[in-house]
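2 protein chains.
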Amino acid sequence: MPHDAAISALRTLLGDRLATSDSHLDQHAQNEAYYAQALPDAVAYPETTAEVAEIVRICNTHDCPITAFAAASSLEGQHLAIHGGISLDMNRMNQVLAINAEDLNCVVQPGITREALNTDLRATGLFFPIDPGANASIGGMAATRASGTTAVRYGTMRENVLALEAVMADGSIIRTGSQARKSATGYDLTHLLVGSEGTLGILTEVTLRLQGQPEAVRAATCRFDSIEDAVNCVIVTIQSGIPMARIELVDEMMVRGFNLQANAGLPEKPHLFLEFHGSPAAVTEQAANFAEIAEDFGVTGFVHAEKPEDRNRLWAMRHGAHYATQALEPGKRTLSTDVCVPISKLAEAVTSAQQKSRALGLTCSIVGHVGDGNFHCGVRVDPDDPQALKIVKGFVNDLNDMALALGGTVSGEHGIGIGKQAYMAREHGPALAFMRAIKTAYDPKNILNPGKLLPPGNM
Amino acid sequence: MPHDAAISALRTLLGDRLATSDSHLDQHAQNEAYYAQALPDAVAYPETTAEVAEIVRICNTHDCPITAFAAASSLEGQHLAIHGGISLDMNRMNQVLAINAEDLNCVVQPGITREALNTDLRATGLFFPIDPGANASIGGMAATRASGTTAVRYGTMRENVLALEAVMADGSIIRTGSQARKSATGYDLTHLLVGSEGTLGILTEVTLRLQGQPEAVRAATCRFDSIEDAVNCVIVTIQSGIPMARIELVDEMMVRGFNLQANAGLPEKPHLFLEFHGSPAAVTEQAANFAEIAEDFGVTGFVHAEKPEDRNRLWAMRHGAHYATQALEPGKRTLSTDVCVPISKLAEAVTSAQQKSRALGLTCSIVGHVGDGNFHCGVRVDPDDPQALKIVKGFVNDLNDMALALGGTVSGEHGIGIGKQAYMAREHGPALAFMRAIKTAYDPKNILNPGKLLPPGNM
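As they're listed, the protein sequences go chains A and B.
Per our numbering: the first sequence = residues 12 to 470.
Per our numbering: the second sequence = residues 12 to 470.
It is worth saying that the hints were derived from the structure and are not from the lab.
There may be inaccurate statements among the hints.
Just so you know, same-sequence chains aren't split out, so a pair can sit in one copy or run between any two.
[What the hints assert, rightly or not] No more than 20 Å apart at the CA atoms, straight line, and that leaves these computed lysine to any residue pairs for SDA-like:
id : residue 1 : residue 2
1  : K280      : A16
2  : K280      : A370
3  : K404      : G342
4  : K401      : D412
5  : K367      : H35
6  : K456      : Q224
7  : K401      : R103
8  : K367      : K404
9  : K456      : A444
10 : K450      : R186
11 : K404      : S363
12 : K404      : G166
13 : K280      : D307
14 : K450      : R229
15 : K401      : A327
It should be emphasised that the depicted structure is a prediction, and the values quoted were computed from it without experimental measurement.
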C-alpha cells in the first residue's frame with residue numbers, strides 16, 4: 012500500500028481514528044462538482060491542534076500528501092486527495108472556543124459549520140454574516156476565501172477573518188493576527204493563509220468578526236423583462252450607495268429550475284432576490300430607494316418577505332440553486348463558473364454569457380452575487396462524454412478570458428482547486444512565480460494538498 | 012564611496028535624476044520621530060515603473076540597499092536609509108492614472124498624497140476616506156498599512172487597496188489583485204505587500220477603493236469628567252452599532268497642547284471628536300443615538316460643526332496633534348506609541364497608560380482612534396539623554412506588553428520600522444519564522460529596506 016510507513020505511524024498516534032476501510036475512503040472521495048472520485052489512502056480524525064501538528068509532522072517525514080476535509084462542499088475539488096495520502100477530516104474539531112460579544116468576534120475550530128455557529132450565536136444578538144449557500148465549514152470557507160450572498164454588505168472571508176491558528180508543513184503551530192481590529196506589525200500571514208486552499212498550512216482555529224443582528228430585515232423578489240434591465244438596475248443601485256444586504260440575480264433558466272425543484276411557481280423571467288438590513292426606518296428608506304431605481308428598468312411583481320419563515324423560504328430556494336440546476340437536466344454533473352468583473356462591466360459579461368450558452372445549446376442557469384460583480388453559470392454536462400465536455404470547457408474558457416479582459420478575475424469565491432489552474436498564469440502573469448516561491452519556502456516537500464491551486468511548474 | 016559601482020550605473024541610467032549632493036542626501040535623512048538622521052549614499056528620482064525596475068536590478072546586482080521615500084511622514088523611520096545605499100524618491104511618480112467612478116475605484120502612482128488625490132476626486136462625487144492625519148503618500152500608506160481617524164467606518168489600507176503593481180528585488184514587475192471587488196484566485200499577494208514596509212517590493216501603482224461623498228456630514232466635540240467615562244462611552248457606542256465615521260479620544264494633556272498650539276480655548280478635560288456621515292436623516296439619527304449614550308457617561312459641552320470650514324478647523328486641530336504635543340515641551344522629540352487592543356479592553360489600557368505616564372512624570376499626550384481600540388501616547392524625550400530615554404522606553408515597553416497581554420498588537424497603524432522590531436517575536440512567536448522565510452525567498456540579498464520590520468536573526 013502506498014504511504015505504509017506514514018499510515019503505520021498515524022495508526023500508532025490515532026488508533027481507530029485512523030481509518031482505511033472502503034466506506035471511510037469512499038465518503039472522502041466525493042464532490043459536488045464534476046470531478047472524478049479521488050480516494051485517499053487513509054482518513055485521519057484529529058481532535059486537537061497538537062494532534063494535527065503531529066499528523067503533519069509524520070506526513071512530512073514520510074512524504075505523504077495531506078488534504079484537509081470537512082463539509083466537502085467546495086466546488087473546485089479542494090478537499091479531494093487527488094494524489095492519495097491522508098484525508099484530514101476536521102469534523103471533530105467543531106467547537107466554539109470563545110464568543111467575545113463585547114469585541115464582536117468569536118474563536119472557533121475549523122470543523123464547525125456556519126449554520127451551527129449561527130445557532131450558537133443566536134442568544135448573543137450577534138451573527139456571522141458570510142453565506143456561501145452551502146452549509147460549509149468555517150475552516151473550508153477561510154481556506155477558499157468564500158463569500159456568497161451577503162458579501163456585498165459584509166465582505167468576504169478576507170474581511171471577516173481576524174486571526175488564525177495554523178499548522179505548517181513542518182508541524183509548527185503558528186498564530187497570526189490578534190483580537191484587535193487592526194494591526195500593522197509585519198507581513199499579513201492571516202490573509203496569506205485565507206484563500207490558500209490548504210496548500211500552505213492547515214487551519215486549526217479561526218477568529219471571526221461578528222455583526223449585530225439587524226433590528227429590521229426585509230427580503231423581497233422582483234422581476235424584469237430582460238437580464239440587461241435586471242443587471243443595469245443592480246449597477247445603478249450599487250453606484251448610488253444603497254447598503255444592500257443581498258442583491259442576487261436569478262436568470263430565466265434558474266427560475267425554471269426553482270419551479271421544477273421547489274415548486275416555486277415563479278414567472279420564467281429574470282429576477283432579483285433582495286434583502287435590506289438596518290433600523291426599521293432605514294430598511295423602509297432603502298427599499299423605497301431601490302424601488303425607485305428599479306422602476307426605471309421596468310420592474311414588476313414585487314413580493315416582500317418580512318417574517319423570518321418567509322425570508323427563510325426565499326433564501327432556501329436561492330441556496331438550492333445547485334440542486335435546482337440539477338433538476339434542469341437530471342443525470343449529468345454541474346460545472347459552475349465563477350467570474351467576477353468590475354460592476355460597470357457586469358451587464359456586458361452576464362448577457363454575453365447567456366447568449367453564448369444559448370447559441371451552444373447548453374443547459375445553463377445563471378445566478379449571481381451581482382452586487383460584487385460575481386455570477387455563476389451552472390452548466391450541465393456528462394463528464395464521460397468528451398465531445399460535450401470539450402464544448403462546455405470551451406464556453407468556460409471564453410467566459411474566463413472575457414472576465415480577465417474586462418479587468419476581472421476567473422474566480423470570485425470558489426477558488427482554483429483542480430479546475431482553474433490553467434488560468435493562474437493568464438490572470439497573474441509574473442506574480443505567479445512569487446506565489447510559487449512561498450509554496451516552495453513553506454512546503455518544500457509539497458505534502459500540503461498537492462496538485463491544487465498552483466499549476467504544474469511548466470504552466 | 013560605498014556602493015560606487017551601483018551609483019555609477021544609476022547615474023548612467025538617470026543622469027541628473029541621481030543626486031549625491033549634501034542637500035539632497037540631508038533632505039532624505041530626516042524623520043518626524045525621534046530617530047537619528049540617516050544619510051543615503053545617493054537619491055534616485057525615477058519617473059516610470061520601468062525605471063524603478065532597472066534601478067532595483069542595478070542595486071540587486073551590486074548588493075546596494077534601496078529604501079523607498081515619498082512624504083517622509085512615517086513615524087517608525089520606514090523611509091530612512093539606515094544602511095545607506097539609495098533613497099528611492101517616488102515623488103515624481105505622483106499621477107492619477109485612472110478614476111473608474113462607475114466601479115468606485117481609482118489607480119494612482121505611489122507618490123501622490125492623499126490630499127492631492129482627494130482634490131482630484133472632488134468633482135466626481137467620490138472620495139478616498141483613509142486619513143492618517145499627515146498628508147502622507149498613497150504608496151507609503153499602503154506600504155505601512157496606514158489607517159487613521161476614519162478606519163472605524165471605512166477600514167484601513169488593508170481593506171482599501173484592491174490591486175498593486177510592484178517591482179520585486181530581482182527587478183520583476185508584478186501585478187496583484189484585479190479591478191473586481193473580490194477574488195479567490197491564489198495567494199493574496201496584495202495583502203502581503205500592504206504593510207511590508209518596502210522590504211518585499213517597491214510599490215509602483217496602487218488601485219484604491221473609493222467611497223461616495225456622504226450626502227450629509229456633521230462633526231462635533233464633547234467632553235467628559237474622566238477618561239474612563241469618555242472611553243466607556245466609545246465602547247458602548249461601537250458595541251451598539253452606530254456607524255461612526257470618526258470617534259477620536261483626546262486626553263486632558265492633548266487638549267492643553269491644542270490650546271497652546273492652536274489657541275483652541277478648550278476646557279482641559281478629556282474630549283471626544285466625532286463625525287457622522289450619511290443621509291440627513293441618518294446623520295440626525297446617529298447623532299441623537301450617540302448623545303443618548305453619552306448622557307449616561309456625563310457628557311457636557313457638545314459643540315457641533317456642520318459647515319465644511321468649521322469641520323475642517325476641527326480636524327485640522329486634531330491632525331495637528333503631533334505639533335501640539337511638541338508645544339507641550341519644546342526642544343525635545345516625540346516618541347509615539349501605537350498599541351491597539353480589543354475594544355472591551357480599551358478603558359483598562361488607556362487609563363493605565365495615563366496613570367503610568369503621570370507616575371513617571373512624563374510629558375505625555377494621548378490621542379486615539381478609539382473606535383478601533385487604537386491610541387497613541389506622544390511622549391516628549393531628549394534622545395541624547397540616555398537616562399530619560401531609558402525611562403520612556405521602559406514606559407513604552409510596559410504599554411506594549413500590556414497590549415499583547417490584552418490580546419492586542421503593539422502597532423495599530425504606524426508599523427514596525429526601526430523601533431518596534433524587539434516586539435516582533437513577542438507578538439508573533441513561531442509565525443515570525445514564516446515572515447522571515449518570505450523575505451529570504453523574495454529578497455535573498457536583503458537589498459530592500461534592510462534593517463526594517465524584521466528583527467535581526469537572533470531576536
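Checklist line | Up to 20 Å CA-CA - A16 versus K280, copy category | finding: Intra 59 Å, inter 70 Å, cutoff 20 Å: neither.
Next item on the list: If the cutoff is 20 Å on CA atoms, where do K450 and R229 land: within, between, both or neither? Let me know, please.
Entry: neither (45 Å within a copy, 49 Å between copies)
Margin query: Reference check for the pair K401 and R103, CA-CA at most 20 Å: within, between, both, or neither?
Written below: For K401 and R103, the Cα distance exceeds 20 Å both inside one copy (40 Å) and across copies (51 Å).
Check: When no copy is named, should K280 and A370 be tagged within, between, both, or neither for a Cα gap of at most 20 Å?
Finding: Answer is within; shortest intra-copy Cα gap is 19 Å, inter-copy 72 Å.
Notebook entry, point to check: From the Cα coordinates, with 20 Å as the cut-off, is the pair K367 and H35 best called within, between, both, or neither?
Noted result: Classified as neither; 41 Å inside a copy, 60 Å across copies.
Checklist line | Within, between, both or neither, where K450 and R186 count as close if Cα-Cα is 20 Å or less | finding: For K450 and R186, both the intra-copy (18 Å) and inter-copy (19 Å) Cα distances are at most 20 Å.
Next item on the list: With 20 Å as the alpha-carbon cut-off, assign the pair K404 and G166 to within, between, both or neither.
Entry: Answer is neither: 30 Å inside a copy and 39 Å across each miss the 20 Å cutoff.
Margin query: One pair to classify: K404 and G342, alpha carbons no more than 20 Å apart. Within, between, both, or neither?
Written below: within (19 Å within a copy, 70 Å between copies)
Note to self: At most 20 Å between CA atoms: does that hold for K401 and D412 within a copy, between copies, both, or neither?
What the structure shows: Only inside one copy: K401 and D412 sit 16 Å apart there, 60 Å across copies, limit 20 Å.
Note to self: At most 20 Å between CA atoms: does that hold for K367 and K404 within a copy, between copies, both, or neither?
What the structure shows: For K367 and K404, the Cα distance is within 20 Å only inside one copy (13 Å; across copies 66 Å).
Next item on the list: Using 20 Å as the alpha carbon limit, work out where K456 and A444 are close: within a copy, between copies, both or neither.
Entry: Both ways: K456 and A444 sit 17 Å apart in one copy and 18 Å across, limit 20 Å.
Note to self: With identical chains, the pair K456 and Q224 could be close in the same copy or across copies; at 20 Å between alpha carbons, which is it: within, between, both, or neither?
What the structure shows: Intra 45 Å, inter 51 Å, cutoff 20 Å: neither.
Violated hints, in rising order: 1, 5, 6, 7, 12, 14 and 15; the structure is consistent with all others.
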